[in-house]
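Peer 1: Chains W and A supply the protein sequences, listed in that same order.
The numbering of the first sequence is this note's numbering, which starts it at 285 and goes up by one.
The numbering of the second sequence is this note's numbering, which starts it at 25 and goes up by one.
By construction, these hints were calculated from the structure, which means they are not laboratory data.
Fair warning: there could be bad hints in the mix.
[Said to hold, decoys possible] In silico PhoX-like links for lysine-lysine, alpha-carbon gap of 20 Å or less:
1) W:Lys409 x A:Lys285
2) W:Lys486 x W:Lys457
3) W:Lys377 x A:Lys34
4) W:Lys358 x A:Lys34
5) W:Lys411 x A:Lys288
6) W:Lys567 x W:Lys529
[Said to hold, decoys possible] If we take Cβ atoms under 10 Å as the criterion, some of the chain W residues that face chain A in the derived model are:
7) Thr353
8) Glu380
9) Ile432
10) Ile435
Think of the CB as a built atom: it goes at the ideal place given N, C-alpha and C, for glycine as much as any other residue.
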Amino acid sequence: METVLSINGLTKTFGRLTAVNNLHLEVKRGQVFGMLGPNGSGKTTTLGMLMGVVNSTSGSFSWFGQPPTSHVRKKIGAVLEHPIFYPYLSGQKNLELMAMIKEAPVANIPKVLELVELKGREHDKYKTYSLGMKQRLAIASALLNDPIVLILDEPTNGLDPMGIAEIREIIKKIAADGKTIILASHLLDEVQKVCTHFAVLKRGNLMHYGPVDDVGKGEEMVEVAAYHDDLGVLLQEFIGSATVKKENNEFLVMMKEGYHSQDLNRFLFDKGIVASHLITKKKTLEKQFLEILAEGQVMNSIKK
Amino acid sequence: MLHLLRIDLKKMTSYRTFWVICGIYFFTLIIGAASGMELLRMLSRLIEGFGQEINIDRIPLYHFPDIWQNLAWTSGLLKMGVAIMVVVSITNEYTYRTIRQNIIDGMSREEFLLSKVYTNLLLSLASMVSVFLIAVVTGLIYSPELDFPYAFTGISFYPAYFLEIFAFLSFALMLGIFVQRSGLTIILLLFSYLIELIVKSNVDNYFPGAIQFFPLESIMNLVPMPFARYVFQEIRDQVTILSIAIAAVWTFLFNYFAYLKLKKSDI
């Protein structure tokens, strides 16, 4: 697969503080790449270096195999931290200005406004917009030049649940178009829902890098409920169960390796019990993330 | 070049403060330039009170060729207005952080600076053309006779006036890039004359020849104050190459320092 972004030993120090330490990363075309990390872990500084606003202390990176220039940046759509626009200009005028800078066709403006559902408000001044509208305008601006790569830094920061759901839908829509997306967030649920790959940063160090699908691998956990008084005892008898815990009216069964929820289902059925509730619970990214941070193992190079 | 200028103008032309400041500036420029005779009348009334008399019609304030230097110098006094506009324009980019987004969107730092420098050039050019047109019109109204080519002596003060404005705007832009906050930058801009005056008065006693090399002094020196000639004093009524050279070097340095600062800093 074609490499979109390649980072080699990128480092940034602010005085005595090392914000990003010898970072190596690669992002391939079509990936939705999540950058995770607690606040102050160097996500925004890294993205700032990639977008030319922060000068790197050492190391290098390349976009599409080319050295980073302002010309290359025109092909990338990026929103770092919070949306930035001229408050006294309307949404439309702000986008026109960006189109001039990005050398994008003005005809794209109605299209992107349509996509983020801002049609009808585009002639109002930016400062009159709600936070959700500002975020959506930022995504619209990032899409203006039909970019190959989209960089979103905390795109759902400060939004209400509806706003978050809207932005998530937009991101999914964009990802379905085959665009490469780099998404920095500390909302892990968010990343698990939309990302294909993820990296974890902690105090400027790379802690983990890999596909999101790998997160759920390993032992399964099954949540079961049935109208049967001795369900708990029966579940203990099942050879696949490692542990059984009762939570409210459901039982939480930790499966042994090699056993899956369908084995448990068959077991119950053979006993003449029909489950009223049966859910396979994969390990969440959140859990894995906390484990990675707790382990504190620094990854200095990535497997290619 | 035109592309970058258009980008910067796009930011300004929908900004009300821009039109207000520009409006005040050009309005004062025009009204001020056209009110010289009224000022003289007021002056003569004042002097009359002291028992003296001047015949204001004997003072060729608006006659060719005096008018060129007279108007260029007086208009130069108003450059602070347009400089404040430049300060507001650049410090807004820092306050709103739009400079960051401009660069993320694909402007290089050089291009960003150039877009501001081109606007400065345009504002200087507009000032020069306005003052020139006012000079032509008022000159034609007041001059009793047109004596070519004598009427054009001193017209070279217009390119000098252009450089005066551009140099000062470059200074304002550089201050804005270094300080990044509008209030502080404007205060510094106003104080810079005072600060330079203090330094100059200390230097003057030891190296009087060095005075003309001071940055703001060099800008003021481009078009010297002409009115002393009406009380029969000798004035410099020509543009000198040295004054142009010193101011040009400073102008280059202002923009170059701004470039260095922009290049080095994280935005």
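Peer 1: Give a verdict on every hint.
Peer 2: A quick look at each hint next to the structure:
Restraint check for Lys409 of chain W and Lys285 of chain A: not satisfied, since their Cα atoms lie roughly 32 Å apart, outside the 20 Å limit. Between the alpha carbons of Lys486 of chain W and Lys457 of chain W the distance comes to roughly 30 Å, so the proposed pair goes past 20 Å and is violated. Distance restraint check for Lys377 of chain W and Lys34 of chain A: the Cα-Cα separation of roughly 8 Å lies within the 20 Å cut-off, and the hinted pair is therefore satisfied. The straight-line distance between the Cα atoms of Lys358 of chain W and Lys34 of chain A is roughly 19 Å, inside the 20 Å bound, and the hint therefore holds.
Using a Cα cut-off of 20 Å, the hinted pair Lys411 of chain W and Lys288 of chain A is violated, with the two alpha carbons roughly 31 Å apart. Proximity of Lys567 of chain W to Lys529 of chain W is assessed by CA-CA distance (about 16 Å); at most 20 Å being required, the pair is judged to hold. For Thr353 of chain W, the shortest C-beta to C-beta distance to chain A is roughly 8 Å, which falls under 10 Å, so the interface hint holds. Given hint, Glu380 of chain W at the interface with chain A, holds; its Cβ is 7 Å from that chain's nearest Cβ, closer than 10 Å.
The interface hint given for Ile432 of chain W is violated, since its Cβ lies 13 Å from the closest Cβ of chain A, which is over the 10 Å cut-off. Given the 10 Å rule on beta carbons, the hint for Ile435 of chain W holds: about 9 Å separates it from the nearest Cβ of chain A.
Comparing the model with each earlier hint shows violations of hints 1, 2, 5, 9; every other hint is respected.
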